[in-house]
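Protein chains in written order, with the numbering used here: chain A, 1 to 718; chain B, 1 to 215.
Here are the simulated DSSO-like pairs of lysine-lysine, each with C-alpha atoms no more than 27 Å apart in a straight line: (1) B:Lys142 with A:Lys251; (2) B:Lys97 with A:Lys199; (3) A:Lys467 with B:Lys85.
Note that these hints are calculated values from the structure, not bench results.
Owing to the predicted nature of the structure, the values given are computational and were not obtained by experimental measurement.
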Amino acid sequence: MKVLFLFLLSVISLQSIGQVKIGGFIKEKSGEPLLGVNVFVDGTYDGATTDIDGKFSITTDEADTIVLVAKFIGFHDHKVQLDNNVSNISLEIFLNEKINKLNAVVITAGSFNASEERKQVVLNSLDIVTTAGSSADVPGALNTLPGTQTVGETGRLFVRGGEGRETKTFIDGMIVHNEYSPSAPNTPGRSRFSPFMFKGMSFSTGGYSAEYGQALSSALILQSKDIAAITRTDLSLMTVGADVAHSQVWKNSSFSGKVQYTNLTPYFALVGQNIKWDKAPTDYNGNFAYRLKTSKTGMLKFYSNMSTSDMDLYERDIANPEILLPTSVGSDYFYFNTSYKEILTKKWGATVGASMTESNDFAAQAGQSRGEDISGRHGKLVLDFTQSDKLAFKFGGEVLLRKGEENLTNTNGQILSSKFDETISSGFVEAESYLSSSLAFKVGARVENNSLVDKATVNPRVSAAYKLAERSQVSLAYGTFRQAPSNAIIYRQNDAGQELAEHFIVNYQWIGERRSFRIEGYRKNYSELTRFQNEFDPTTFSFDGDGFAEGLDLFWRDTKTFKNTDYWVSYSYLNSERNYRNYPDSFRPPFVSTHNFSVVGKRFIQSIRSQLGLTYAFASRRRYNDLNTENFLGGKTPSYHNLSFNISYLYSNQIIFHAMVNNVFGINNIFGYEYANQPDANGIYARRAIEPPAKRFLFLGVFITLAKNKSISQLPNL
Amino acid sequence: MKKTVLTMIGIVCAAILFANDGQFEKAMAKNIQAMYQASDTETLQGVINQLTRIGDAEGDRWEPYYYSAFGYVRAMSMSESNEAKDKYLDQALVAIKKGETIKPNDSELESLRGYVHMMRVTVDPASRGQQYSGMAFGSFQKAISLNPKNGRAHFLLGRMQLGMAQFMGGGDGGACESYATAKAILESEEKNEQSIAPSWGLNGTIEAIKETCEG
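One chain only, chain A, in its complex shape (with noise of 0.2 Å):
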């Protein structure tokens, strides 16, 4: 009977045998104590938290091996091994810090983040739309950005002294031909993309990632949304036409649709215009996008754009106004881009995409006639390699075709037809280093061949940046980017080359809470540049123009000093001159303005349910060239002023007014002007300003949201 309760007792107390006291302290490298770091011994419920000296105690029942672990946040989890014989154990672990996205430096010359994530973000997408005079158009809102060039007559992004065509967009890793809808003469495009389906931008303006190639001063990096979140439709209806929009959500899949039609019809009828619209633009415009999750971390999208437009108008002839010359503008686009992402395993991950475009272009005037054909697909592989926080490496490979046709007819029916067939082959590898989280390192290059010239290039693209503090840093990126020339040129020369640009940039960048400041200084080499006596003669064409951009790039954001207001200010300083195309020598190009300034402004009032914004954005004075003077380019236009205002009022949950006044005091631009071919009696061209079609633009709207749950508006999307 005895043994038997003596058996018992031992195997009750069977559970106590072997227990072990484990205490010490944690501490980074540095010695500092961590407090709050979670040390249990693996694979059980035993263990502590540090107090603030770093100090824990532990006990536990564990008979077999003993293996502590202490884990923290921001640092690598450190596993030992103990002994179990002894019953006592005291130690100190340091803990090694781990390089995660939240603490480490990050390089920032030369590029704007905006996305949703909140971290390391300058900017994010809803700013975009909600900025006044952008009408919600990407590139509209970006131009409020600094290294932009005001370039009132085209809407398009002019990057520090490059051409409009120098910047290049990209949806999820795809490049995108002809992203700018139709527009009159000398009046500005709208992008063809809606900010709404995009989960982040990056805006470079310079120094851009060795993935991306074809662009010689700046690449807009778009991310599309993922899986919508709630099934929803939304209906606008506009001064300038109507949309329906739909989101369909599955389990692990969801589509969404947008179908547009625009017309000016009725508001040219209301608002005067400088221009004699015979039809006022018309557009139909589908977006179509299905996501779908193939699995814990693969994402496949398909995303697809169409659009069909045109307009008519009389432009008035230069040297006798009273003659009006029939014009009509038309085109047709299709794009559509699918790519498929996925972590293979823990260190391996792959993105594969293929995108394609059909966009033709018409254009006539008074018997002649240009109509364009570009047929553009584009296929990629990039694989990246994540050795441990402190190594990655990503490389790929793409295919760029690009087929382009032109033809040009004259008052006598003459067409004349030319073609081109362009195939980029290239390969990039670029390696992220970080010594430590204050110090970081990107090396890269990218290899491309073009057929057209069959003479491979490399390009080598380097940056880094080191964090100076807490919440500053300094970057530095250096590269250099090739691009074929102007369509226009090709088309008259198929080898016409690859232009050749270098960037230099240094940047320092402080992000305070809810405030941030940054100041970027740049230098850009331009060489390889397309030189010629005639446009259309490719005989007089040489390849050895050069140029050179430099200036000073400002950029101020608070959110904090004034309650409900947010408020960005931003200046660039450049100077930049070229010898290209029929230049007699090395001048400022017409779309450079040494100064640009702007500030934009937002202000929620509770009491009237809206929000305000204001922009004005300045531009200095722009060249053109006068032909009555000797000078070439010698004439300057008059600066640049603008003033936009926006309100969104909130009517309901569901329902959504919108009124935006573009230019708000009517000041006259203008930003420069067009010469007659021939001089009139007395030797002088005539000439016409070019400004835009009515001082002022207005805008006004209202959104319905219809979903489910009464709560959802478009209010995410003002």
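With chain A fixed as given, assemble chain B onto it according to the hints.
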């Protein structure tokens, strides 16, 4: 006698064998309570660490991560600086995601995610409201579609609707309707002290109804 002793031995052995299961429930119950009672972030971090240890040791239970996340949301509301608040909310999301690797498409975890988004709005309503209120609504709606009988999701949805309605200058925005649904569901839920399934929300709902929907 011998028989009794043998039975006893059997019981002891069985107790040892099954000790683990009871241990989980007991440890959870203790720490859930400690999580609700903690009144400073330091204590809370200790409890969260303990919950994480339990979760990591078990490997197939989502509840420890659910309560860790809930603890982080509580820690957030005790913090002063916006950066600290964001940090806790980030940690809450990490815990929710960990829970979801064990139990994907869970209504409770999804509504907690909505709660995190909702708290994100409170950090800085002027700049966060537009974005995160939409995300919060999205999560609550998804949580309800995953399980229409999730009372907490209805309760939180009501709070969001009320906040939105106040922002819009009047009405309850459907909050009272959501509260009523929440109350009916939560009242019918079995009260079991030992249960570790999420069971909070009834008191808050009753309070909210009193405040907003009565008188």
